[in-house]
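Novice: This is what each chain is made of:
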Amino acid sequence: MSARKILIVDDELSVRQSLREWFLEDGFAVTTAEDGAAALQLMDDGPYDIVLLDLKMPGMDGITVQKRIRELDKGACVIILTAFASVETAVEALKLGAFDYVTKPVDPDDLSNLVRNALRQRELTEENVRLKEKVSELAQVSPIVGDSPKMQRVFDMIRTVAETDSTVVIRGESGTGKELIARAVHAQSKRRFFPIVAVNAGSIPESLLESELFGHEKGAFTGAQYRRKGKIELAHGGTLFLDEIGDVTPKMQIDLLRVLETKRFTRLGGNQEITSDFRLVCATHKNLEQLVETGTFREDLYYRINVFSIEVPPLRERTDDIMPLARFFVAKYARAMGKPERAVSPDAERLLGEYRWPGNVRELENAIERAMVIGSGETIRAEDLPLHLENGGAVEPVERSLAAVEKEHITRVLEELGGNVSQAAKVLGIDRATLYNKMKRYGVRRDT
Amino acid sequence: MTPPVYLAFLNGYAPPWQDVLADGVREALSRPVRTVRLGIDLAAAYAREREQYHATLILAALLRHVPEPGARILGVTAFDLYIPVLTFVFGQSQLDGSGAVVSIHRLRPEYYGLPRDEGLTVERAIKEAVHELGHAFGLVHCPDYTCVMHASTYVEEVDLKGSGYCDACVEELQVRGHASAR
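Read top to bottom, the protein sequences are chains A and B.
When the letters of the first sequence are read in order and numbered with numbering that gives the first Met the number 0, they come out as residues 0 to 447.
When the letters of the second sequence are read in order and numbered with numbering that gives the first Met the number 0, they come out as residues 0 to 181.
Derived by calculation from the structure, the hints in this document are not laboratory data.
Be a bit skeptical, because a hint or two may be false.
To be verified - Under the rule of at most 30 angstroms between Cα atoms (straight-line distance), these lysine-lysine pairs were calculated in the DSSO-like manner:
{"#": "1", "chain 1": "A", "residue 1": "K4", "chain 2": "A", "residue 2": "K149"}
{"#": "2", "chain 1": "A", "residue 1": "K228", "chain 2": "A", "residue 2": "K131"}
{"#": "3", "chain 1": "A", "residue 1": "K439", "chain 2": "B", "residue 2": "K160"}
{"#": "4", "chain 1": "A", "residue 1": "K103", "chain 2": "B", "residue 2": "K160"}
Keep in mind the model is a prediction, meaning the values are calculated, not measured.
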């Protein structure tokens with residue numbers, strides 16, 4: 000474990016030297032500053048576990064310095080050093096969040112205990128932050144619903160690739176849940192205790208994307224008032240999920256290729272090379288091979304990222320999953336809205352099954368959410384769903400069997416005629432016995 | 000040949016247990032130990048308002064008297080020592096350097112209103128001498144409360160710990176090339 004860092008801020012050289020020696024013997028990495036401005040500059044360059052801060056200094060006073068330190072690093076434990084005469088100011092510092100204060104000269108045992116307690120608080124704070132991030136990360140991993148053979152194959156691929164550290168490309172139409180797949184890969188990988196950091200390359204202009212990915216130094220460009228870590232740096236130890244990689248500009252493709260090859264980069268406006276150990280998972284709805292052929296996507300980057308490819312099928316190709324997904328979303332929004340769960344009526348179920356879902360799972364989720372908002376009663380009806388077969392691009396799925404269509408039509412006619420078999424037989428153009436035989440064969444009941 | 004550790008009794012301080020202290024240091028460090036008398040100018044280190052001596056300034060003066068390269072010098076004084084900010088120190092050392100200083104002032108039971116006990120005083124003196132010399136050989140404080148390198152900010156803590164280095168500190172000394180220490 001690396002040494003804990005302590006910053007000693009005091010205008011008296013002898014105090015700085017004495018405390019420096021004292022804490023070096025305790026195994027701390029010690030830095031000293033002679034005034035507030037120098038201290039803030041040091042704080043800007045990197046975090047400190049403990050700051051020992053003299054209240055009475057020329058230039059910027061200790062209270063102002065403390066406020067600025069809190070802005071720069073909320074987790075730093077500030078211990079105020081003060082003379083007896085300024086205890087009132089020290090109390091003010093405590094109200095502003097200082098860990099504690101000591102009056103000079105301080106008993107070595109008091110200082111030792113204070114620093115030990117401050118470190119303990121610092122460790123608890125850090126642990127708390129880590130746990131919150133973990134909880135938040137776990138909460139973000141929604142279950143992927145899908146019993147269809149195609150989705151089972153996807154799950155198999157996730158399990159296979161998660162164990163490796165290979166780059167993964169997730170392909171699929173918009174709304175198929177590519178980010179969920181990426182999160183599942185991360186959650187099952189050895190990197191799962193570190194963050195997964197997501198960036199949508201398609202929604203950010205190139206200039207901003209560069210800063211977003213690589214971070215920037217203070218003053219790197221107009222408005223860069225503070226140093227900011229980029230997503231690549233934040234993903235250290237974990238996974239970087241780069242959505243819509245097919246939309247990345249040629250310049251960014253070169254930068255990305257370099258980072259992928261060296262795992263090193265510099266922040267915008269900076270000179271220092273930073274290393275980040277991350278695994279890249281990217282996604283696209285575009286055909287990368289076509290983009291390579293047309294020259295809009297670099298071939299070398301393509302080969303670098305296309306180590307393992309997971310194809311997420313569109314919802315229309317896994318119709319078996321529609322109802323389980325619909326029920327999952329009903330339960331999800333019932334919980335979120337504090338409403339009881341609602342069943343899906345046969346007509347609504349039929350509509351969900353017949354619709355072509357150009358927006359895939361995202362569209363299904365939106366449809367269910369809307370139905371849960373506007374609908375009333377115990378069931379979701381077809382009219383609660385914002386789906387229009389004639390306008391919504393719905394077509395009869397060609398892969399359906401004649402028997403399935405026949406069963407569905409019989410069910411629908413019986414439903415409309417209140418279960419009257421004689422009338423239904425007339426409408427269908429068959430005799431009652433034939434209709435009964437078909438109902439028996441398909442398991443259709445009069446009260447369906 | 001291993002450079003020795005010099006125990007420098009400062010400005011006429013001559014306790015009866017000098018040889019016992021030397022033996023204790025020799026046993027802990029497995030190095031030759033020599034006892035010397037040294038006079039240094041303490042006037043500049045004296046803080047009248049505190050009635051104490053500035054340990055860092057004494058240490059700086061001591062470092063001018065290191066007899067040979069690679070040797071360590073430990074000043075032993077009966078004066079009460081301090082460093083700015085702290086009310087007192089038992090001793091101070093130059094981390095991974097050539098010198099250190101210890102004060103017997105607060106190690107004596109009579110400082111705390113207890114009966115004089117030279118045996119206890121020298122036992123504490125050995126521990127503080129070995130502790131400060133440990134810093135001079137590059138060791139930092141040790142979390143093992145029985146190890147002599149455990150930080151002691153009051154005298155009861157000095158009594159609690161042993162007078163030798165723990166295994167981890169011995170290993171660290173060996174890594175640092177002070178293989179004769181044990």
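Novice: Does K149(A) sit within 30 angstroms of K4(A), going by the straight-line distance between their CA atoms?
Specialist: violated, 53 angstroms
Novice: Can the restraint linking K103(A) and K160(B) be considered satisfied, given a maximum Cα separation of 30 angstroms?
Specialist: Roughly 28 angstroms between the alpha carbons, so the hint for K103(A) and K160(B) holds.
Novice: When you check the alpha-carbon spacing of K439(A) and K160(B), does it fall within 30 angstroms?
Specialist: Distance of about 90 angstroms is beyond 30 angstroms: violated.
Novice: Do the alpha carbons of K228(A) and K131(A) lie within 30 angstroms of each other, as the hint requires?
Specialist: Roughly 20 angstroms separates the two Cα atoms, so the pair holds.
Going down the numbered hints, you'll see the structure goes against 1 and 3, while the others check out.
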